[in-house]
Each structure stands twice: as structure tokens, then as C-alpha cells.
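Spelled out, the chains give:
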Amino acid sequence: MRYLPLNDTDRSDMLARVGVKSVDELFADIPEDVRMKGLLDLPKRASEMEVERKLTAMASKNTAAGSVPFFVGAGAYKHHVPATVDHLIQRSEFLTSYTPYQPEITQGTLQYLFEFQSQVARLTAMDVANASMYDGSTGTGEAVLMAHRVTKRNKAVLSGGLHPQYREVVEGLSNMAGDRVVSLPADPTGTEDILSQIDDETSCVVVQSPSFYGQLIDLKPIAEKAHQHKALLIAVFTEVVSLGLIEPPGTQGADIVVGEGQSIGNGLNFGGPYVGLFATRQQYVRQMPGRLCGETVDAEGKRGFVLTLSTREQHIRRDKATSNICTNSGLCCLAFTIHMSLLGQAGLTKLARINHGNAVKLKKLLAGVHGVEVLNSVYFNEFTIALPKVAEDVVEQLAERGILAGLPVSRLEPGNKDLANLLVVASTEVNTDEDRAAFADALKEVLA
Amino acid sequence: MSMNTQGRPTAAGDVGESFRPKTFTGNRGLDMEEPLIFEFGSLETTGVDLDEDESAEFELGSFKRTAEIGLPGLAEPEAMRHYVRLSRNNYAIDSGLYPLGSCTMKHNPRLNEKMARLPGFADIHPLQPVSSVPGALELIDALAHWLMVSTNTSAVAMSPKAGAHGELCGMMAIKAAHTAAGRDPKIVLVPESAHGTNPATAALLGYKVVNIDAKDDGTVDLEALKKTIAEHEGNIAGIMLTNPNTCGLFEREVKQIADLIHKADAYFYCDGANFNAIVGKARPGDLGVDAMHINLHKTFSTPHGGGGPGSGPVVLSERLAPFAPLPFIRKTDKGLELVETEAATKDSEQPFGRMTAFHGQMGMYVRALSYMMSHGSDGLRQASEDAVLNANYVRVGLQDLMSLPFGERPCMHEVLFDDSFLKDTGVTTLDFAKAMIDEGYHPMTMYFPLVVHGAMLIEPTESESRAALDLFIATMRDLVMSAKRGETERFSGAPYLAPRRRLDETGAARKPVLKWTEPAPAEVTPAAAE
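Just so you know, the sequences run in chain order H and P.
Our numbering puts the first residue of the first sequence at 1, with every later residue one more than the last.
Our numbering puts the first residue of the second sequence at 1, with every later residue one more than the last.
Simulated from the structure, these hints should not be mistaken for lab results.
This one's a predicted model, so the numbers in the text were calculated from it and none came from an experiment.
Think of the CB as a built atom: it goes at the ideal place given N, C-alpha and C, for glycine as much as any other residue.
Just to be clear, a hint being listed does not mean it is correct.
As the list claims (entries may be wrong) - In silico negatives: residues of chain P with every beta carbon more than 12 Å from chain H:
#1 Ala230
#2 His232
#3 Lys263
#4 Ser482
#5 Arg485
#6 Thr488
Unchecked claim - Here chain H is said to cover these stretches of chain P; the calculated rule only asks that three of the stretch's residues, wherever they fall, bring their Cβ under 8 Å from a Cβ of chain H:
#7 341–352
#8 388–394
#9 419–431
Throw the hints in and build the complete structure from the sequences for me.
Pasting the structure below:
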């Protein structure tokens with residue numbers, strides 16, 4: 001086996017040194033009747049070439065986003081990632097290192113985590129950010145639990161513009177943890193009355209902007225009402241590129257900001273691994289979940305970085321910890337931070353303008369298709385259209401024509417007739433004018 | 001000294017070995033000091049060329065950002081150099097033995113990286129039409145099959161994002177099963193040797209954590225367990241047990257433990273962090289396990305990446321299988337179906353909810369399957385045997401000088417020492433670990449598990465050659481002898497030779513600096529202003 005350095009001579013010599021006759025003696029603690037005599041009922045070892053052949057065959061059955069005009073967003077976005085990013089994250093010293101428990105020999109990881117936290121804090125206009133969560137959805141679940149700890153209340157109000165799967169994650173976790181969740185009905189246009197839901201029992205109100213449907217939401221009045229009742233505003237985003245162009249949640253009064261960072265540095269990967277961004281105000285830092293990296297000095301007075309405030313964490317506090325999280329998204333944060341360093345403010349704002357501009361162009365084209373109604377007035381790179389037919393069928397017909405057109409809302413919200421004809425579409429920098437024209441033309445055909 | 005024809009010395013000669021110049025840059029040869037991006041990047045610079053259509057229109061209403069973001073940019077060569085230099089301050093499996101017990105720092109094959117980057121896996125969207133991703137469902141189903149066969153279980157919840165997330169998933173399935181049976185037990189049993197994530201997970205779900213005692217040999221005390229169960233009769237939801245345990249020992253009485261738990265109407269959650277010791281040697285389903293997460297980033301070698309991303313699929317027994325969370329793949333006559341919503345479930349399927357958006361860590365699934373296929377049934381068993389053999393080889397190489405808390409018995413894939421061998425030397429476990437750094441090793445796991453004093457948990461993994469183990473053993477012996485000879489300086493100030501000396505963690509926590517801030521401008525003295 002190519003990954004195992006011991007040969008049979010090594011093994012027999014080593015067994016003799018250990019003082020046993022066979023390796024099975026080392027497994028003698030496993031009860032005899034359950035110790036396996038034969039092999040698992042699985043294929044035997046395979047060469048590199050054979051594995052490559054089989055997995056490539058599986059991969060080739062899938063339609064890669066980059067191979068067709070592609071307009072699916074809804075929480076994960078097709079962006080161009082510079083080649084430098086993927087090269088650097090494959091450096092052995094980053095890829096095959098563990099969580100930086102020994103800071104003297106992991107300053108590389110620690111320094112990029114510190115840079116990552118600094119970048120996220122600036123992007124969101126918040127005081128502090130952690131060293132990442134698994135993704136945006138699990139980060140949102142953790143934010144709701146954190147709001148409970150901060151406010152000592154247990155009623156969370158979720159906007160109808162929150163990604164439906166984020167809502168399900170929050171509901172599942174909160175219900176199990178004994179918290180109450182009030183989820184408002186689907187809100188494609190951003191016109192729900194969330195203010196009236198906020199009262200003195202509310203721990204937090206969770207609002208996504210741009211919303212799942214693409215609508216930009218004014219967070220300021222919601223923050224104001226929440227703060228009147230001593231509740232927290234949790235602001236969520238799934239498209240981090242939007243922060244290059246729109247007002248950040250921090251200046252709109254958010255107390256906790258959670259976002260999906262996949263768009264920067266990370267590929268689609270069928271949904272994971274991604275990187276959750278998590279930021280808050282200074283006064284809540286000790287209630288935060290997840291790893292935090294902090295600046296310090298070494299014994300010679302040189303600047304260095306360490307994991308810090310770990311008394312919040314499970315390996316120290318056990319059942320009193322703020323979260324059970326241990327692993328974060330180290331390598332995905334690295335990808336994020338490298339891509340963001342390459343972009344800088346200048347590149348990010350330009351990237352954001354291109355994204356928005358492309359969405360405006362797409363909106364105009366689709367609005368010109370007979371029977372199509374655009375539901376959003378203000379949006380970033382994504383918006384929702386109402387079709388005269390069931391959206392799921394239209395998407396299938398467009399897929400047959402080689403266009404991956406967007407997400408039919410009914411896939412995530414089945415059984416709601418009002419949503420059956422809604423399609424969420426995104427246009428990023430990867431789409432060309434030809435892609436958009438092909439989409440509009442094909443849609444015309446399908447709807448004719 | 002030999003000379004070439006130009007009179008230039010070619011041998012090193014005697015140039016004063018002990019002299020270490022104080023350099024202008026602070027660099028020491030290849031050992032470079034690297035500033036933060038905020039200290040040398042520029043707000044004007046970008047390393048990404050983008051073509052913008054200047055005629056584009058805006059439909060942002062009043063939402064446009066007005067303030068500066070304050071993010072510096074780097075040109076591509078600057079970024080390349082910055083991150084390459086940072087990387088060189090990291091220890092990694094690829095550069096040396098990484099005996100971090102309970103973390104399974106094994107070789108990460110690059111074939112797996114290559115496979116995960118095939119566009120058919122890396123460039124597919126989680127919500128593009130299911131009809132356009134049959135190969136993705138096939139891959140997830142194939143990995144699920146390998147995991148279920150390896151564990152002899154009935155179902156697997158694939159979506160958890162890491163080990164701790166898998167624990168949460170398993171315990172949520174257990175809670176859902178109790179609820180479905182009209183029960184509401186309040187207690188979860190956890191031995192003191194458990195990973196911190198176990199009690200943290202149980203507490204997150206509102207359970208009270210009750211400790212179970214260990215015997216002198218580090219395994220669960222069956223009699224004590226019986227008593228605890230009797231004391232809390234009818235109120236126990238389950239037990240969370242790591243097997244092999246964190247002392248590196250297999251729980252011999254695991255089946256009796258499972259029987260006791262099942263008789264108490266409770267479930268057996270197994271922390272699968274140490275599955276690497278027994279793959280192909282024993283199947284958790286045969287041991288009475290109801291749920292177990294598998295750290296794909298440990299046992300099946302997806303890279304640790306400096307702390308993630310991980311992946312923690314949870315295998316489930318027949319009793320828990322119906323409660324597996326969304327999404328899951330259903331096999332039908334027509335092929336594989338992706339079940340994503342409650343509305344699409346059948347009566348026999350009672351998912352407790354959803355752990356995460358989308359379908360879990362696809363990128364990690366590809367790597368893990370590539371690893372498992374490469375090994376096959378024979379290679380997986382061989383890997384476990386080599387991992388256990390290597391750990392025992394380290395044990396016998398060190399047991400006369402270091403101290404085994406539970407006597408000279410075989411261990412599984414990791415060997416646990418306590419610090420009694422350091423008694424009266426003035427050297428602590430921490431000092432000892434830091435001195436290993438000067439010798440070019442990443443230290444073992446220290447001060448965990450909590451059940452022995454000054455724990456040192458060594459897991460060499462199957463990736464180490466005999467020669468690498470021999471050198472490691474010889475180095476450890478030299479360090480032990482040095483400590484016993486009273487050469488405390490080698491330990492108390494260590495590491496001396498790493499990119500950084502010991503860091504002030506207390507200071508970091510007392511006044512946390514968690515992001516870069518612009519330094520205040522230096523005060524301008526009247527003289528300088530002139």
C-alpha cells in the first residue's frame with residue numbers, strides 16, 4: 001500500500017521488539033466474538049490510476065457551473081477565484097498543519113487568522129470577528145444561541161427573508177436547546193411587518209440583507225426597535241461581495257453579524273466546505289462561539305499571535321462552554337483572506353460594482369420577457385422573478401436547453417402555492433452578455 | 001581551506017560558529033519576519049484585474065456604502081511572497097512527525113486533492129437542478145456505503161461539518177428518538193476522560209452531564225456505571241463514550257456497557273475520534289453503538305488545514321436511522337433521490353431537522369472516498385494495524401524511562417504517559433513539550449486527557465517509517481535523560497530555536513487585541529515639525 005512506509009520485515013522486527021507474536025495480540029482487548037477475522041466486505045486496494053478513473057467517471061456525470069450559462073445563487077455563488085489562491089492554500093505548511101495549539105511553530109496559521117479577523121471586522125464594520133464558523137447557516141444557529149446567553153431570553157424572531165435552510169438550522173438547534181423561534185412567512189419583497197414581533201421577551205431578531213430573495217433590507221429601524229426592547233439584531237448575509245458596495249450591517253446597528261464567506265476564495269463544492277463569518281460588538285466578545293486569535297509578544301518581546309479567550313471553549317469549559325465547536329474552517333478562511341488581500345478595497349468595490357451591474361442588465365432582459373415580473377426594487381447581484389408557470393418545470397426545461405437558470409423557491413419551500421412560480425436568479429462577474437441573452441431567449445421560448 | 005581558481009573559499013572553514021549577528025531586518029537567514037498585510041498593503045493596489053462596464057446602472061436605492069472599507073490590496077507577487085513566508089513559520093505533517101494524540105495527523109495523499117478539484121465535484125452548485133448532478137449523489141452514496149460497511153450500521157447522516165457537529169447531530173437524533181417514544185430523559189453520562197466537545201454537546205441540548213468513574217486501568221468501571229444507572233433510573237438519555245478511549249485503551253467491557261445502557265432505554269453514542277485504531281478490526285455496530293461520528297479529517301485523511309474544514313458524518317443504528325436529519329439520499333428502483341425537505345419524506349422517515357444548509361462537506365467526501373478506495377478493505381485493515389504497531393513500538397521504546405499510568409499493557413493507536421517520570425526534575429509537561437520543538441518535532445497532545453497528571457498523549461499514526469520512529473524514540477530518551485540530569489535550562493526557556501519563543505498567552509487573554517488597528521500617529525515634536 002503506497003501510503004504505508006512499514007514493510008513486512010519492519011513489521012516482524014517491530015512485533016518482536018514489542019514482545020508479541022502477531023499483531024492480533026495488540027488487539028486482544030477487543031472481545032473475541034466481535035474481532036474481525038476476515039476483511040470488510042469492500043473492494044481491495046486500488047492504484048492511483050484506478051481511483052482517478054472511477055472518480056473522474058462520477059465527476060463527469062455532473063454539469064459543472066463553469067461549462068454553461070449559470071445563474072444559480074441562493075446562498076452559494078459562482079465567482080472567479082484567482083489561481084494564486086488555490087496554489088497557496090495547497091502549501092504543505094498550511095494544508096497539513098493542525099489547529100495552532102503550539103503557537104511557537106504555527107505563527108503562519110495564527111497570523112493569517114489575525115488578518116482574516118481584521119478583514120472581516122472591517123468589511124462588516126463590527127468591533128471583533130472570530131476565526132470562522134463552519135458556514136453561514138451554522139453560524140446563524142450559533143448567533144441565536146449567543147443572543148440567548150447575552151439577553152437571558154429565549155424568543156428569537158426570524159425574518160421571512162432569511163434563507164429557508166438557515167431558518168431550518170436555527171429552528172432545529174433552538175428547539176432542541178429549548179428556545180422559542182417565531183419564523184415569519186416567506187417575504188420575497190421585503191415588506192413584512194417584523195417590528196410588531198419584537199417585544200420584551202425577544203432575545204434577537206434575525207434579518208438577512210440582501211435577503212434570500214435578493215431584496216436589500218433597511219436594518220436601521222429594526223435595530224432601533226430591537227434595542228428599545230433590549231433585544232439583539234442579528235444581521236445575516238449570504239453574499240459577502242455585496243459588502244463591497246452596500247452599507248455594512250455594523251453601521252446599521254447590528255449586534256451580531258453572520259455571513260457566508262464562500263464567494264471570496266472558495267469554490268461551489270456542492271455546498272461545502274465553506275466559511276462562516278461571525279462578528280460582534282466588543283461588549284459581547286466573551287459570549288462569542290468559536291476560535292479567536294489575538295496579538296501578544298514572545299519571551300524576547302517580539303510580536304506574535306495565539307489562540308485566546310479559550311476559557312469560553314469546550315476543551316477548557318466542557319459543559320459550560322459557549323459552544324461545542326472545535327474545528328473551524330481554517331483552510332477556507334485562508335482562501336478567503338488571500339483572495340481578499342489580492343482584491344483589496346479597490347478590487348472588492350469594483351468586483352461588487354460589476355456584480356451589481358450584471359444583475360441590473362439581467363433584470364432588464366428578463367423583465368422584457370412576456371409574463372415575467374421582477375419582484376425586487378433594490379437588490380445586489382440577485383433578485384426574484386415571478387413566472388406565469390411553475391418555476392421548477394421552467395428550470396428543468398431551461399436545463400435541457402443547457403442553461404442553469406436559478407433556484408425555484410419551491411425546491412426549498414414546497415407546498416406553498418404563492419411561491420410555486422418564483423425563481424431566484426443571480427448574475428455575477430462570470431456571466432457574459434451572451435450568457436444573459438441566451439437565458440432571456442431560452443426563457444422566452446419556454447414560456448411561449 | 002580549499003580555494004577555487006578565483007581564490008574564493010569553497011569550504012565553510014572556521015568562521016566563528018557561536019557568533020549570531022543581530023540583523024537589521026530581524027530576519028535570520030531563511031527565517032523571515034513578515035509584517036501584517038495592513039502594514040504594507042495599499043488601499044489603491046489590487047492584485048485582481050477586472051473589466052468593468054462603465055455604463056452600468058445602479059439599483060441600490062439608499063443602500064450604497066459611503067465610508068471606506070479600509071482593506072489593503074496586494075499585487076500578485078506581493079501576495080505570493082507574503083503567504084509563502086507565513087507558511088514557513090508553520091509545522092506540518094509534510095515536514096515532520098506530528099504525534100498529536102487524538103488528532104490523527106496522518107499523511108494527506110495529494111491524489112485526494114486532485115480528485116476534489118475535478119470541475120464535476122468542485123464547480124457544482126448545491127442547488128442546481130438535481131438532474132444535473134447525478135454523479136454527486138453517486139459519490140455521496142458510495143462514501144456512505146463504505147462508512148456503513150466499515151461500521152456495520154444501518155444509516156449515515158452525512159451533513160455534519162466536523163466532529164463536534166457530528167456529535168451534536170448524533171445526540172439530536174437520540175433526543176428525537178426519545179421524544180418520538182414519548183420520553184424526556186434529562187441525563188447524559190460522560191466519562192471524565194472524554195473530549196471537551198462531549199459534555200459541551202450534551203449541555204447544548206439541555207442535558208445534565210453526569211460523570212462516570214474509571215477503574216485504575218483507565219477504562220469505565222462497570223460496577224460504578226450500574227450504580228449510576230440505578231440511581232437515575234428512567235432518566236438517562238444516553239452515554240457518550242470514546243472507544244478506543246482517550247487513554248489509548250480499548251474498553252474491554254464495551255458490550256456489557258452497551259447492554260446496560262440499552263436496558264435502561266438509553267442510547268450508546270460513541271465518539272469516533274479514535275476510529276483509526278480499529279477500522280477493519282472491529283465494527284462499532286457489533287459493539288452495540290447506536291450513533292458514532294467519523295472524523296473524515298482524522299481517520300480518512302482529509303487535510304486538517306490548520307484547523308478545518310473537517311467533516312463528521314454520523315453512522316446510525318437501525319433504531320436511530322429513521323431520525324437522520326435532512327438532507328439524505330434515498331435509493332429507489334429508479335436510482336438515487338435527494339430528499340431535502342420534510343414534505344418529501346415518507347412515513348418511515350422522521351428527520352429531526354437539518355444540521356446545515358445544503359448537503360455537507362462535499363469537498364471532504366471526495367477526498368475521503370479517494371482515500372478509502374485507495375486503501376481498500378485490505379489496506380484499511382493494514383493501516384489500523386500499522387497505526388497500533390507504531391504506537392506500541394513507541395511505548396516499548398520509552399516505557400522504561402517515561403511513566404505509563406496504567407502499566408505496561410498494549411495500547412491502541414496512541415500511547416499515554418503521565419508526568420511522574422519528571423518528578424523532582426523541575427521540568428513540567430509543558431517544558432518538555434516545548435523542548436521537543438527545538439528538536440524539530442511537533443509536541444504530543446499535552447494535559448489531555450484530564451484523568452492523568454501532566455498527560456502526554458502520543459499518536460504516531462501509520463504514516464511513520466521505522467527509521468522515523470527510531471529517531472523520535474532516541475530523541476525522547478535524550479530529552480528524558482537530560483531532564484533527569486537536571487539540565488533544566490534546555491526545558492525552562494524552550495523553545496529557543498523556533499520562529500518564536502514562548503508567547504504570553506495570559507497577557508493576550510487579559511487585554512485581547514483581536515484585530516489590527518492603525519497605530520496612533522507619533523506625536524509631532526515642535527522640532528520635528530519645523
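Right, here's what the structure says about each hint:
Every CB of chain H lies more than 12 Å from the CB of Ala230 (chain P), the least distance being 23 Å, so the non-interface label holds. With a cut of 12 Å on Cβ distances, His232 (chain P) stays outside the contact zone with chain H, its closest approach being about 16 Å. Taking the minimum C-beta to C-beta distance to chain H, about 18 Å, the non-interface status of Lys263 (chain P) holds against the 12 Å cut. Consistency note on Ser482 (chain P): stated as away from chain H, and its beta-carbon is indeed over 12 Å from all of that chain's, at 19 Å minimum.
Every CB of chain H lies more than 12 Å from the CB of Arg485 (chain P), the least distance being 24 Å, so the non-interface label holds. At roughly 16 Å, the least C-beta separation between Thr488 (chain P) and chain H is larger than 12 Å, which holds for a residue marked as non-interface. By the rule of at least three residues with a Cβ nearer than 8 Å to a Cβ of chain H, the coverage given for the segment 341–352 of chain P holds, with 4 such residues. Note: the segment 388–394 of chain P has 5 residues with beta-carbon separation from chain H under 8 Å; the three-residue rule is met and the coverage holds.
Interface restraint, the segment 419–431 of chain P with chain H: violated (0 residues with C-beta to C-beta distance below 8 Å; minimum three).
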